[in-house]
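S.K.: Each chain, letter by letter, is given below.
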Amino acid sequence: MTVWDVMTWLAIAVLGPGALIIFVAFLRDLARPAASEHPTDEDARTLTRR
Amino acid sequence: MSWERTAIHPLDLGIVLAYLAGMVAVGYLVAGRIRRFADFFVAGRALTTPILICTLVSSYYGLDALFGDSGDAAREGVVVWFTYGRPYTLALLVTALFLARRFERTGFLTISDVLAATYGRSTQVAGAVASFLYALPILAIMGLAGLGQVMFGLPLWAGAVIGSLLSVAYVTMGGFWADALTDTVQFTIMCVSLAVALPLILDGVGGFAGIHQTVGAGFFSPVGTAPPLYTVAYALTAASVLVEPLFYQRIFAARDRRAVRNAFLWGLLIWAAYDWATTAVGMAGAALMTTGVLAADLPRDQVLLRVVALYLPVGLSGLFLGGVLATAMSTIDSYLLLAAGNLVYDIYRPLRRPDADDATLIRYARVSLVISAAVCVLIGLYFERIKEAWNFMATILTSTLLVPMGVAVLAPGRRPPLAGALASWGGLAAVAVFFLIMHVGGTPYAELETRRLTVAGVEVLREYALFFALPVSALGWVAGAILGKRA
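Heads up: the protein sequence lines correspond to chains H and V, in order.
If you're matching positions, the first sequence starts at 448 in this note's numbering and goes up one per residue.
If you're matching positions, the second sequence starts at 1281 in this note's numbering and goes up one per residue.
Check before you lean on any hint, since a few could be wrong.
As the list claims (entries may be wrong) - Ranges between beta-carbon positions, derived for each pair: (1) L1373(V) / A472(H): 21 to 31 Å; (2) W456(H) / R1643(V): 47 to 57 Å; (3) F1378(V) / D476(H): 39 to 49 Å; (4) A1754(V) / W456(H): 38 to 48 Å; (5) G1595(V) / L467(H): 13 to 23 Å; (6) L477(H) / G1721(V): 52 to 62 Å.
Unchecked claim - Rough simulated footprint, nothing fancy, chain H against chain V, three-plus residues with beta-carbon under 8 Å: (7) 1472-1480; (8) 1541-1551; (9) 1708-1718.
These are computed hints drawn from the structure, not numbers from a lab.
Every residue gets a Cβ at the ideal spot worked out from N, C-alpha and C, and that includes glycine.
Please build the complete structure, drawing on both the sequences and the hints.
M.R.: Now the structure itself:
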């Protein structure tokens, strides 16, 4: 097995199972209660109105 | 540019149509969550690590990465992964470890907010103009138009218009929430489809041993055979990562800095894997072109689709085409949203309506989404080659924003407005002049598919724009800082 083959199998592992694990983690987050609002939206308005 | 049509099995077509209907449905379902402009533009700053990974990876990597990188690999080999790609990894690492922390809880919405807080309105608008031009998803539109030609035999302009309308539909309804949620599905499809296709394709060409035997050892040189300055010029475009508006939007949309830092670190891994997969497919395409299985004069940007058509069975072809569509649409929707935000929040609001309420900003942003899509379809039909357009857009962004943003990030606080104005507008003007000179005075350079001009015995390529524009921008900053202090 060459270095190119190793890189290819690593890429397949990241793009296949890796991506699916991340998608499942997203679904778990989605099932939790909604996040609260970020508190500093007004700060940006103040800064950019100078 | 003309793409040859490929026959599509009804099952594959059904998979693609189901995917498109699902995307529009998501936009409709989340539209009710949009109440304030921060909901529309940064999803209420509530994104966690997994959704950030999905939206970072799928939005930043469009068809330029899929078709462009595989096409370049078909011409140049592994240099595409090593020398062109890895400078981006370095820039992304800096972004992950430094920028996420620097902008935690600053309350900014866009990169122009940072410039406004540092230099004032003139630089804010310059940043918005450069960001708008860069954000226009011309590359993805071009690829999508080609895909419409391959799949449905549509003329390029029709594929571009229909693809843009579909992408705009769900973002117009649901803003960044719709964008990020659809990105999760698009991310999964684009990654998994490539992971499934890669071993089948490599097996079909006899693995890397078969490629090596066919195309020779030169394809396996990490530094390639292009002129060194040309290679450096491309590596230098990695600096665009540091001023990438899409990344700033996601930093500002993150729930906290840990979420975005971790997302970038995971993203690094996935981007590197994706790069290698497209490089390997491109090299397989080169072997097939050498042996005559594919036409030797096949346009490089079409290599990946032709290779996939050869080796993927029905059903998997549909999954892969869905992946290609996902790759294009996740980029188009995200960048069109950015472009619309630039027009409304960064240009219209400070110049015409500083007191505009959220409802007005959201309404105008929705109209701007459609306008931005129309503009980029028109520009997209002008450029013929994907990497050519990427170099042009990345150069505009980097030369306008790198110097003023670099100071804003490294040394926060108020700076002379003239310094920001001269650095940003000077950089933008320098790029415009450079490209105009190359367009009018340059001659075609067929081997690298670019233009060149000989000045005082020195050969200048179109890709060298940053060597010219960045010093102009830096000098502009210094001059503006000196003159601004005196005033």
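S.K.: Run every hint past the structure and note whether it holds.
M.R.: How the hints compare with the structure:
1. L1373(V) / A472(H): 21 to 31 Å: At 22 Å between Cβs, range holds.
2. W456(H) / R1643(V): 47 to 57 Å: Taking Cβ atoms as reference, W456(H) and R1643(V) lie about 50 Å apart, which means the hint holds.
3. F1378(V) / D476(H): 39 to 49 Å: With Cβ atoms ~26 Å apart, the hint is violated.
4. A1754(V) / W456(H): 38 to 48 Å: The hinted range 38 to 48 Å holds for A1754(V) and W456(H), with Cβ atoms some 44 Å apart.
5. G1595(V) / L467(H): 13 to 23 Å: holds, 18 Å
6. L477(H) / G1721(V): 52 to 62 Å: holds, 55 Å
7. 1472-1480: holds (count 6)
8. 1541-1551: holds (count 3)
9. 1708-1718: violated (count 0)
Of the numbered hints listed earlier, those contradicted by the structure are 3 and 9.
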